[in-house]
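Protein chains in written order, with numbering that gives the first Met the number 0: chain A, 0 to 490; chain B, 0 to 490.
Read the hints as simulated data drawn from the structure, not as lab findings. Just to be clear, a hint being listed does not mean it is correct.
A pair counts as met if it fits within one copy or between any two copies, since identical chains are not told apart.
Below, a list of computed lysine-lysine pairs in the PhoX-like style, where the Cα atoms sit at most 25 Å apart [to be verified]: (1) K258 - K408; (2) K132 - K341; (3) K21 - K433; (4) K258 - K347; (5) K308 - K258; (6) K456 - K319; (7) K295 - K56.
Given the structure is predicted, the values throughout are model-derived calculations rather than measurements.
Protein chains: 2
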Amino acid sequence: MSKEITSREKDYAQWYNDLVLKAGMAEYSAVRGCMIIKPYGYALWEKMRDQLDFMFKETGHSNAYFPLFIPKSFLSREAAHVEGFAKECAVVTHYRLKNDPDGKGIIVDPEARLEEELIVRPTSETIIWNTYKNWIQSYRDLPLLINQWANVVRWEMRTRLFLRTSEFLWQEGHTAHATAGEAIEETKRMLNVYATFAEEWMAMPVIKGVKSANERFAGAVDTYTIEALMQDGKALQSGTSHFLGQNFAKAFDVKFSDKDNKLDYVWATSWGASTRLIGALIMAHSDDDGLVLPPKLAPIQVVIVPVYKTGEEKEKLDKKIAEITENLKALKISYKYDDDDKRRPGWKFAEYEMKGVPVRMVLGTRDLENNVIEVTRRDTRKKESVSLDGIANVIKDLLDDIQSSIFNKAKEFRDTHITRVDSWKEFETLLDTKTGFLSAHWDGTTETEEKIKELTKATIRCIPLDNEHEQGKCILTGKPSTQRVLFARAY
Amino acid sequence: MSKEITSREKDYAQWYNDLVLKAGMAEYSAVRGCMIIKPYGYALWEKMRDQLDFMFKETGHSNAYFPLFIPKSFLSREAAHVEGFAKECAVVTHYRLKNDPDGKGIIVDPEARLEEELIVRPTSETIIWNTYKNWIQSYRDLPLLINQWANVVRWEMRTRLFLRTSEFLWQEGHTAHATAGEAIEETKRMLNVYATFAEEWMAMPVIKGVKSANERFAGAVDTYTIEALMQDGKALQSGTSHFLGQNFAKAFDVKFSDKDNKLDYVWATSWGASTRLIGALIMAHSDDDGLVLPPKLAPIQVVIVPVYKTGEEKEKLDKKIAEITENLKALKISYKYDDDDKRRPGWKFAEYEMKGVPVRMVLGTRDLENNVIEVTRRDTRKKESVSLDGIANVIKDLLDDIQSSIFNKAKEFRDTHITRVDSWKEFETLLDTKTGFLSAHWDGTTETEEKIKELTKATIRCIPLDNEHEQGKCILTGKPSTQRVLFARAY
Numbered sequence: 000m001s002k003e004i005t006s007r008e009k010d011y012a013q014w015y016n017d018l019v020l021k022a023g024m025a026e027y028s029a030v031r032g033c034m035i036i037k038p039y040g041y042a043l044w045e046k047m048r049d050q051l052d053f054m055f056k057e058t059g060h061s062n063a064y065f066p067l068f069i070p071k072s073f074l075s076r077e078a079a080h081v082e083g084f085a086k087e088c089a090v091v092t093h094y095r096l097k098n099d100p101d102g103k104g105i106i107v108d109p110e111a112r113l114e115e116e117l118i119v120r121p122t123s124e125t126i127i128w129n130t131y132k133n134w135i136q137s138y139r140d141l142p143l144l145i146n147q148w149a150n151v152v153r154w155e156m157r158t159r160l161f162l163r164t165s166e167f168l169w170q171e172g173h174t175a176h177a178t179a180g181e182a183i184e185e186t187k188r189m190l191n192v193y194a195t196f197a198e199e200w201m202a203m204p205v206i207k208g209v210k211s212a213n214e215r216f217a218g219a220v221d222t223y224t225i226e227a228l229m230q231d232g233k234a235l236q237s238g239t240s241h242f243l244g245q246n247f248a249k250a251f252d253v254k255f256s257d258k259d260n261k262l263d264y265v266w267a268t269s270w271g272a273s274t275r276l277i278g279a280l281i282m283a284h285s286d287d288d289g290l291v292l293p294p295k296l297a298p299i300q301v302v303i304v305p306v307y308k309t310g311e312e313k314e315k316l317d318k319k320i321a322e323i324t325e326n327l328k329a330l331k332i333s334y335k336y337d338d339d340d341k342r343r344p345g346w347k348f349a350e351y352e353m354k355g356v357p358v359r360m361v362l363g364t365r366d367l368e369n370n371v372i373e374v375t376r377r378d379t380r381k382k383e384s385v386s387l388d389g390i391a392n393v394i395k396d397l398l399d400d401i402q403s404s405i406f407n408k409a410k411e412f413r414d415t416h417i418t419r420v421d422s423w424k425e426f427e428t429l430l431d432t433k434t435g436f437l438s439a440h441w442d443g444t445t446e447t448e449e450k451i452k453e454l455t456k457a458t459i460r461c462i463p464l465d466n467e468h469e470q471g472k473c474i475l476t477g478k479p480s481t482q483r484v485l486f487a488r489a490y
Numbered sequence: 000m001s002k003e004i005t006s007r008e009k010d011y012a013q014w015y016n017d018l019v020l021k022a023g024m025a026e027y028s029a030v031r032g033c034m035i036i037k038p039y040g041y042a043l044w045e046k047m048r049d050q051l052d053f054m055f056k057e058t059g060h061s062n063a064y065f066p067l068f069i070p071k072s073f074l075s076r077e078a079a080h081v082e083g084f085a086k087e088c089a090v091v092t093h094y095r096l097k098n099d100p101d102g103k104g105i106i107v108d109p110e111a112r113l114e115e116e117l118i119v120r121p122t123s124e125t126i127i128w129n130t131y132k133n134w135i136q137s138y139r140d141l142p143l144l145i146n147q148w149a150n151v152v153r154w155e156m157r158t159r160l161f162l163r164t165s166e167f168l169w170q171e172g173h174t175a176h177a178t179a180g181e182a183i184e185e186t187k188r189m190l191n192v193y194a195t196f197a198e199e200w201m202a203m204p205v206i207k208g209v210k211s212a213n214e215r216f217a218g219a220v221d222t223y224t225i226e227a228l229m230q231d232g233k234a235l236q237s238g239t240s241h242f243l244g245q246n247f248a249k250a251f252d253v254k255f256s257d258k259d260n261k262l263d264y265v266w267a268t269s270w271g272a273s274t275r276l277i278g279a280l281i282m283a284h285s286d287d288d289g290l291v292l293p294p295k296l297a298p299i300q301v302v303i304v305p306v307y308k309t310g311e312e313k314e315k316l317d318k319k320i321a322e323i324t325e326n327l328k329a330l331k332i333s334y335k336y337d338d339d340d341k342r343r344p345g346w347k348f349a350e351y352e353m354k355g356v357p358v359r360m361v362l363g364t365r366d367l368e369n370n371v372i373e374v375t376r377r378d379t380r381k382k383e384s385v386s387l388d389g390i391a392n393v394i395k396d397l398l399d400d401i402q403s404s405i406f407n408k409a410k411e412f413r414d415t416h417i418t419r420v421d422s423w424k425e426f427e428t429l430l431d432t433k434t435g436f437l438s439a440h441w442d443g444t445t446e447t448e449e450k451i452k453e454l455t456k457a458t459i460r461c462i463p464l465d466n467e468h469e470q471g472k473c474i475l476t477g478k479p480s481t482q483r484v485l486f487a488r489a490y
């Protein structure tokens, strides 16, 4: 089965697509640009969603649900927002179908035209801020800390499973605050939640930074981002947190009276992460034989395969394995005992490698006699014969080790792919050879940023939060610069 | 605050609407017919969803996600389905907006018209069965047991919060089986899951039955239902499970080869429950002072309010309450300690009554001296002074008692509102006076059912599964009948 995946070296994009399909994560649907998230992919998303949701609630947020549809006029209310979001959208114009009078199926009823078209939400700032107007009167109503889990639609011409699809699942936080300072603090808090989630759960190192004006969210004062590096040396934006200033409060007239009864506009943030993270997770760790999943998010952490010849042998294995799984369960380790006799062990090994199950345990009759079990870790393929005494605790430690090992491996790759560059020639060459992040001086103008993008397809991924100020010259124009920024080609 | 709710006696519909708004459950949005589920309402939905999801997984189902959009032509593929579902739908006709050349905001770009219109899913049978075609080849691929949590849209002209809105949240299970028998077994299994959930979690007694042909799901061979009774004597359909026969398999050409390599169409089921359940839950138990929630689903099970004069007193109360909450936490009881000093205790009492928090605990300085605490249950308002020794266990038992008490109360109401009726005159009179379910003979024809609906607005809610066969005469036509069915006016 693994033979059917294109290797990363041969064609990275094809490898990714093959992997998503073969591992049963997702597939394209009959609707152009929309994907079907298959049960295994969705189980992974549930684990990610549950952990993020837990972290949002720990930081004081509540979930709510706002309408799928946004009146067209709402999108025009915030000037920058409409420029960025009102273009590639699904537009609902009618609310009824009827039988074709010619008897050819059904047609749109021309009499059921909406007075005002509805847009399928590409993001929900406008409908939410229109609502907040009624929820916020006084400083006592603040902060308002709300998150929504939802589907959104942004019409895409060129799509890739998880990475860019017309419909995707995400969460969007929308908070309201009494002061700019509190809103900025919230923006950074949620960036840190994303960074912690990416590093500790996805085992994916990220760089925290601020976007340049050009890459900023439409309607934001500042956009913070976490940027990860994929194995092909391209960057992937993995979560963004926006300080919106008073832009949406002004657009939707949301004022509050402070303790001194003075009226002011509310300060806002929004922040989101999507099913795109699944694409990032796949590309960060996987190899030519299939997925490599971090144990903390793997839908199945351990698979157990019995090897036997007779029913009598099988019974003995079953008995031992029942003991083992009992202990795994007590340690909250998720497992699958695959004793399906329609498939041979070799087929199963390949299948669970493809699916990225972190640990495989194989118990044969000889193993049982020797009181050992064969344990193979997915990330390094290291195989060991381990004593059955206290095996559950050994597996627990092994899962922890895999979690940190794949993080360290990704971090090492990332760290060795940040290159300080001071000449334009080197800049251009490295983008095609070594790839990764190029740390270079930039004169701070949108014109230069766009020119660089035009010449190299590289964009400014972020101005790192921990940047050191340094005098230098812009990599393209030679104009003076006070800091390096990170360039990369990106997903 | 409670003063502002209309009483049930005065205007039941207005009482419901007031309650949903005042308890902070939901509100209407700027988009006609679409609701906003507010944090408290959504917290309740999360509890319901999580429990249902657990029960679906326990019965072997996996979650997946299918596209929001359905190509228009798909709806026509199953003849009965198109009649029932293709009418009041949101239709996407365009995929782009552009700036109005006259400078007046944005307009739909006439050049971005879709070749085939997309329908926002009113239910997903068609897109899912179009997918299953690729997932099912052999009996080894069966059964296929999949569930989806999603938003759906059915354009509604007259809407009511939770009960009937254009967009709502739901789950839809879609399963495929090798035999009719297995599919029917699955249909009944999921009906039982819904019934167990309604009775044991929502504390809402339900009658399990089969729908008449007239009330059947569009495309189903048989529709099973659970029917609950609201306090105004109207029925509310609370979950349906459909045996779809081979209708969708034939419409989408989904065949499998059995063990003997013989090709046959697959057998199907689908089953769903929605945010409508929140409306049912509210109407089943609540009173003129607010919500009454079953402890197993209440977002907050216990609220603790301190009563004090000085900061010194408050400190002593805090210390004791920290002890209590520690013990509540150990018993997995969710609580809120409301020591907000901007609100008086009386305001808080009314507020948590409105929100239906099952138990209120009030600790005053005098109580503390006497080693007691005042405990009030929301359902009966019974107030008691209880010893602080072992208080957490007392609360745990009390929550259990409330759960069964509100179920018993609702069951007694329901049981006394099922009336055997044998004359048309009595039938008509009772619908206006006693209300509830009327158990009456029916001649089994759609004509009679429709005539009764026309005359009385009552519909056949179901043919109960535990029905006893009995010779009789149709309540309207006098024609012979072999069993009674349940009529009621319904939501």
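Earlier hints that do not hold, by number: Of the numbered hints given earlier, those the structure breaks are 1, 3 and 6, listed in rising order.
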